[in-house]
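If you read the protein sequences in the order shown, they are chains A and B. Read in order, the letters of the first sequence correspond to residues 1 to 167 in the working numbering. Read in order, the letters of the second sequence correspond to residues 1001 to 1559 in the working numbering.
No lab work stands behind these hints, which were simulated from the structure alone. Every value quoted in this text rests on a predicted model; they were computed, and no experiment measured them.
To spell it out: a stretch of chain B is covered by chain A in this simulated footprint if at least three of its residues, at any positions, have a beta carbon under 8 Å from a beta carbon of chain A; those stretches are:
| hint | segment |
| --- | --- |
| 1 | 1110-1124 |
| 2 | 1179-1191 |
From the structure, some residues in chain A lie toward chain B, with a derived Cβ separation under 10 Å:
| hint | residue |
| --- | --- |
| 3 | L9 |
| 4 | V10 |
| 5 | E11 |
| 6 | G15 |
| 7 | S18 |
| 8 | R19 |
| 9 | G22 |
| 10 | R26 |
| 11 | E59 |
| 12 | M62 |
| 13 | Q64 |
| 14 | N66 |
| 15 | K67 |
| 16 | L68 |
| 17 | K73 |
| 18 | S165 |
SDA-like mimics (lysine to any residue), calculated; alpha carbons at most 25 Å apart, straight line:
| hint | chain 1 | residue 1 | chain 2 | residue 2 |
| --- | --- | --- | --- | --- |
| 19 | A | K67 | B | P1121 |
| 20 | A | K63 | B | K1186 |
| 21 | A | K73 | B | P1303 |
| 22 | A | K13 | B | R1165 |
| 23 | B | K1495 | B | Q1442 |
| 24 | A | K73 | B | K1308 |
| 25 | A | K67 | B | N1188 |
| 26 | B | K1189 | A | N66 |
| 27 | A | K67 | B | K1186 |
| 28 | A | K63 | B | L1410 |
| 29 | A | K120 | A | A107 |
| 30 | A | K13 | B | K1175 |
| 31 | A | K63 | B | V1176 |
| 32 | B | K1308 | A | N66 |
| 33 | B | K1343 | B | E1551 |
| 34 | A | K73 | B | R1179 |
| 35 | B | K1175 | A | N66 |
| 36 | A | K13 | B | G1149 |
| 37 | B | K1295 | A | V58 |
| 38 | B | K1343 | B | D1288 |
| 39 | A | K73 | B | K1175 |
| 40 | B | K1286 | A | R26 |
Glycine included, every Cβ here is placed at the ideal spot set by N, Cα and C.
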Amino acid sequence: MKAHTLSILVENKAGVLSRVTGLFSRRGFNIESLAVGPCEEQDMSRITIVVIGDDAQVEQVMKQLNKLIDVIKVSDLTDNERVERELVMFKVTADQGTIRAEIMQIATIFRAQIVDVGAKSVILQVVGDTDKINAMEKLLRQFGIKELIRTGRIGILRGTKTVTSSK
Amino acid sequence: MKTGAKILIESLQREGVDTIFGYPGGSVLPIYDELYDSPLRHILVRHEQAAAHAADGYARASGRVGVCLATSGPGACNLVTGIATAYMDSVPVVAITGQVPTTMLGNDAFQESDIQGITMPITKHNYLVKDTAEIPRVVQEAFYIAGTGRQGPVLIDLPKDVNTRSIKDPVVPEKVVLRGYNPTYKGNKRQIDRAIELIKEAERPLIYAGGGIISSNASPELVEFATKIGIPITTTLMGIGCIPCDHPLNLGMLGMHGTEYANFAVTECDLLIAIGARFDDRVTGKIDTFAPRAKVIHIDIDPAEIGKNKRVDVPIVGDVKSVLADMIAGLKKTGACDAWDKKILHWKQHHPLRYGKDDGCLYPQFIIQQMNELLKGDAVIVSEVGQNQMWTAQYFCFRQPRTWITSGGLGTMGYGFPAAIGAHFARPDVPVFDVAGDGSIQMNIQEMGTVAQYKIPVKIAILNNMYLGMVRQWQELFYDRRYSFTELPPVEFVKIAQAYGIDGIKVESSDDVMTALKAAVDCDGPFLLDFRIEREENVFPMVPAGAAINEMIGGHPRS
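Next comes chain B alone, as it looks inside the complex (with noise of 0.2 Å):
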C-alpha cells in the first residue's frame, strides 16, 4: 500500500524531476513529509511567486520540464503570476497545489480557491486529481503536455485526501493517450517547396526568428539554413542566443526597442520568413506597415499562430527543427543577393547602436558591455522587466541559445532574481546573472532569503536610476515629463544584502564596474552590485507605441 504522496514523489521521479522549487503549507503537508526522506532536492523559496519564477528560469536554462509546488489557497493563487508568464512564453512548468480535501471542494473550506478554474486561461492544459489511482497516469499526461508541441505550463491541483488515502500499487499507463492532443512535427512538403520557391525568387529577404528556435533546440539549423543561402537574420526578445550575436548575418533584435537596420531591413525585405515567433505587438508596431513588401513565409508549431495578426503567403505548421532540415535538404545553395547585403552593410556601418559615452557618467549601457567583456558570453544572464532588460538585450552579446532568460510576454517585473535561482540549478557551471532595476528586485527582493540559505551563486547587478526607469521614459515622452510615481526613494541594496549574510558593494563610479564585477564573479556565494546609473537614461531606439517600426526614435538621420 501507498499513499497518494509517495506515488506523486515516484511519479515525478519517473519523469526524470531532480529540483523541486517550493513552500509547503497545510494541505501539502503529506507531501513535505515524503520529500523529508526523498532523493528529490526541495529548494525552499520565500514566496510561491520565486517557486513558479525558479520552475521556469530552470526550463528555460535546462530545455527540460522545471516543477513548483504550493499549497492551497494562497499558496496556489501566488504561482499565478509565474504560470502566466510561462505561458506567455511557452514555457514546460508542472506547477503542483495542494487542495482542500474532496469532501470539503466547493465549501470555502479553509485556505480554499478554485485553481483549476484560476488557472485555466494561463495553463496548457490542467487538472484536480479526485482520486489517488490517478495520479501516475495525470503526472505523466502532465509532464508530455508540458514538455511538447508548444510547451507551456500544466497544473495538477491534488486535494488532500488523494495525497493521504493509501491504495494498492497504481497502474502506470505504459504510454499517453490523449486522444485530442497531437501536435504536428513535420512540416508539409508541399508548403515546404512553395517557400523554398519563393526564397529562390526574393532578392531581399530577412529571416525574423524566435523564441520557438530556442524551444525546440533549432539553433544549428537555423545558423545552417541562413548560411547556406546567405539570408540575414533579425531575432525577437525571445530569440535572442539563436544565432551568436556577433555573426555576420545577425542584425540582432527588432522591434519596440530592436535595431535600426533590423527595422530597415524588415520594413524593406520583399521575403520574411518567420520562425518560432508570433508577431506580437511590440515587435510589429503597426501590424499594416509591418512587413509592407514582403511575402511571408510562417513556421510554426501552433496553427493558431499562423495568420493570427498578419496574413501570410505560405504557411508551415511544424516543429521548426525538422521543418528546418527539410528545408536545407530542399534548397541548393544560391547566389547571394548582392544589392541586399550591401544595403544592409550600410544599414548597420551608419546607424549602430549608441549612448553617451565619454561623459563620465555612469551609463547602464556601459555595466552591460562590461559585463560582456569580463564574463564573454559564457554565462546565463537573467533580467527582470523594463530598461534593464532592453539595455542587456542590445549590448549583451549572447552566443549560444538557453543563456539569456527574460519574461517577454507577460512583461513580468520581479521575475528575474527567483528565474535567475532556477537557471542556476539548470547550469551550475556557468556564471548567472540578473540583470535588475531598483524597482524590479524590489518585487521579490525576499529571495535574498533563499539564495543566502543555499548559498547559490547567483549575481544580482542592479541598474540603480531611482525610478521605474521605462515607465519614466514613457512620461519623459509621451507625457509631458509628468513623473507620476515613478520616482522610487534610495535604497541602499548593499545593506539589504549584508542582512540576510550576502556580500555587495556599490558602484558610482564607470571606472569601478570592472572591479565590481569581476568581485562578484570571483565570490563563491551570491553577491549583489548596486550600480547607481545615470538616472535618465533612456532606452533607444524606440518605435512608440502604433507607429511604423521604421520611425524610431533616437537613430540616426537617415542617410
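Just chain A, with the same shape it has in the complex (with noise of 0.2 Å):
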C-alpha cells in the first residue's frame, strides 16, 4: 500500500468530476487529496489524485477510469521523475509581538509568505511537496492553528513527457 499520484485529463463537461469520485468511493477507493482545474486545452481539465492502495488496485481502478467516457487519458505519476506541489494556508494565532516574530522567522526558513496580518492572527500561505507542509505544520502548531486549508496536490512529469491527449 503506498500514495499513488494519478494525473487525469478529463473532457470539461457538466458532471465530469463526479463521475471521476463517484467511481472512487464505489469501488472503495478513499481520495488523500483532489485537485481540478483547466488545462492547456481550452475544453479540457486535469485532475490530480492521490489515492492509497497496492499497485494491483491502482491498475484496477485506472482502467475503471479510463472506461469513462469523458476520461481522456489516466496517468500514474508515482513512479516517474516529477514535481509535485501543494499551497496551504495556515491561520495562527498571533496576538504577542515576540511571537509574532518567532513566526515570522519560520516562515523565512520554509519561504512561506505572509498574505494577511490582523490582530490576533497572521496567515501563512506555503507552496511545497507533502514533507515540507507537514514540518512545516507541526512546527506552527506550537502557536496555534486556528484553520488550516491545502489545495490537495498537483503533479506534472518532470522532462518532456507529457499527460496530454496526444498518444
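Relying on the hints, combine the two individually framed chains into one complex.
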C-alpha cells in the first residue's frame, strides 16, 4: 500500500468530477487529495488525485477510470520523475510581539509568505511537497493553528513527457 | 422549424429504431405527441421497469440497441432496476427520460429526480441535454456508445422545454467523435502468438466461454476454434447458446449450479482459455481454488476485466470475434489430447445431471425437458431468476446464440416476463417462453395487460412451488430448514390471466405436461401455464457460497 498520484485528463463537461469521484467511492477507494482545474486545452480539465492502495488495486481503478467516456487519459505519476506541489494557508494565533517574530522566522525558513496580518492572527501561505508542509505544520502547532486549508496535491512529469490527449 | 421532440424522433429513426417500449407522463407529453403519428412502433407497458426489461430483451434477442422511454421522476426511477440489469449483463439499451424544464432543474419540482446522478453507476454513459440543438449529436453518441465496445445502457435525460422548443434544422454530425472512447477491437499480435504457444504446449486445455461470445456474435468462430484443436468448452450462464448443447465438446455450464464434469474440468485443466467471461463469483466459487493448476489466457474487450479477479498469464484485449479469427488463422490442427478427452468423457458418463424421475411427482426439470422436446431449440426462452432459471439453464438444450435470455449479473426477479415481450418483437418468427417461478412472475405480473392489449404471443410457464424456491433451498441447506418468509400462499394464476383475457391451464400431473405445452404453442396469443411442481425440489449440483467449485452438494460419488 502506498500513495499513488494519478493525473487524469478529462472533458470539461458538467458532471465529470462526480463521475470520477463516484467511481472511487463505488470501488472502495479513499481519495487522499483532489485538485481540479482547467488546463492547456480549452475544453479539457486536469484532475490530480492521490489515492492509497497496492499496485493491483490502483491499476484496476485506472482501468475503470479509462472506461469513463469523458476521461481522455489517465497516468500514474508515482514511479516517474515528477514535480509535486501543494499550496497551504495557515491562520495562526499571534497576539504577542515575540510570537509574531518567531512565526515570521519560521516563515522565512520555509519560504512561506505572510499574506494577512491581523491584531490577533496572521495567515501564512506556503507552497511545497507534502514533507515540507507537514514539517511546517508541526512547528506552527505550538502557536495555535486556528484554521488550515490545502489545495490538494498537483503533479507534473519532469522533462518532455506529458499527460496529454495526443498519445 | 422543428421541436426538440420531433428532432428526437427523427434522430431515433436515423439510428434504425423500429420499436420503443414506454409509458407516458407529464414531462414526455411533447414526445408522445410526436409518437402519435410517427411510424415508430410504441408498446405501452404497465410499469416502466417492464419498459427497460423489454428493451433489454429486444436487444439480447436481436443484437440491436433496445429503446425505452419514461417520464421524469417516478417514471425514470422505475427504469433503474432495468437499466442496472442491462448494465450488469452488458446489454445495449438507450433509455430516454423526460425531465422537468431546465428553468426548474434542481428546484425539487413536481416529478423531478436527478436521474443522471442516480444512474451514473449503472450506465455506460448518460446525458442531461440542455440545448435542443444537441439532440441529434447526443442520440447518435448514445447509440454508438451503447452498441460498441463492451456494450451497455446509455441514458438520455430530456427536460420538457428542450423538447418543446423549436429550432431551425439542427446540425447532424457526420460521425461520432469521442476523444475518450476508443475500444480496442484487434487483439495484440504478440499476445495472440503467446496464447497459441500455450495452447500447443497444453495437455489439458479448457475453454471457459461467456456472454461476450454472444454479444460479439462470435459463436461460429468459437466453435471453429474449439473444433480445430479439439478443446472442450464450458459456458457461463450468459454464454449458453454459443455452442450447441449437444455438441461433443460442450461440457455445459460451470459454477455454482454447473455440471459436475465442467467443474471437474476447470479444477484439473492445465490451460484455461477465458473468452468474453469475467470470473464472476457465481462461476469461480472460492477464487483461490478456481483452475488452480492452469495457466490462464483471457480474451475480453474490456481491459478492466483482465486481472480483476484472477491472475492472467496471457491477456488479450479485443473483440472476441476478431481475436478468435486471428487465433484460428495462427493455429495448426494439432493432435487431440487423448488422456484428457478420455477423462472428460468418463466424467460425463458417470456424473450426468439427474433428478428423481419416475416417482410420479411433477418435476420442474421434466417440464423443461418436455419443453425442449416440443420446441427442438427453435424458440427464444427467457427466464426469471432463481430455481426456474437454473433448471432451464441445465435442462433446456440451447442450440443457437440469442435464444436464451436471462438476468445473470444482477439476478433480477421480474425480468423474464417483460424481457420476453421485448424478445418477441425481435424474433416474431419463433415461440417465446418465459419460464417463471410463482415468486418472480408476481414481480411484473401487471404486464399481462400489455400482452393482452397487443396480443403478444408470449407463453408464461410458471414452475409453481408456492415458495421463493431458491431462497428456500438455501434455508433448507444452510439455515436448518427455517423457512423465514419464503412460503407464498397459493395463487390461481389462470384466473389472473383470464381476468386480462388470456387463456391458461393449471397442470398438476406429469402426464399432462406435453398436452399443456402444445396448447400454449398452438394458441395464437399469449398463454399461461401454471405447473404445480414438487414443492421442495432443489437445484443440484450446488457449490455452497465460498467453496471450491469441485466441492458440490448433490453430486455423484467421485469414482
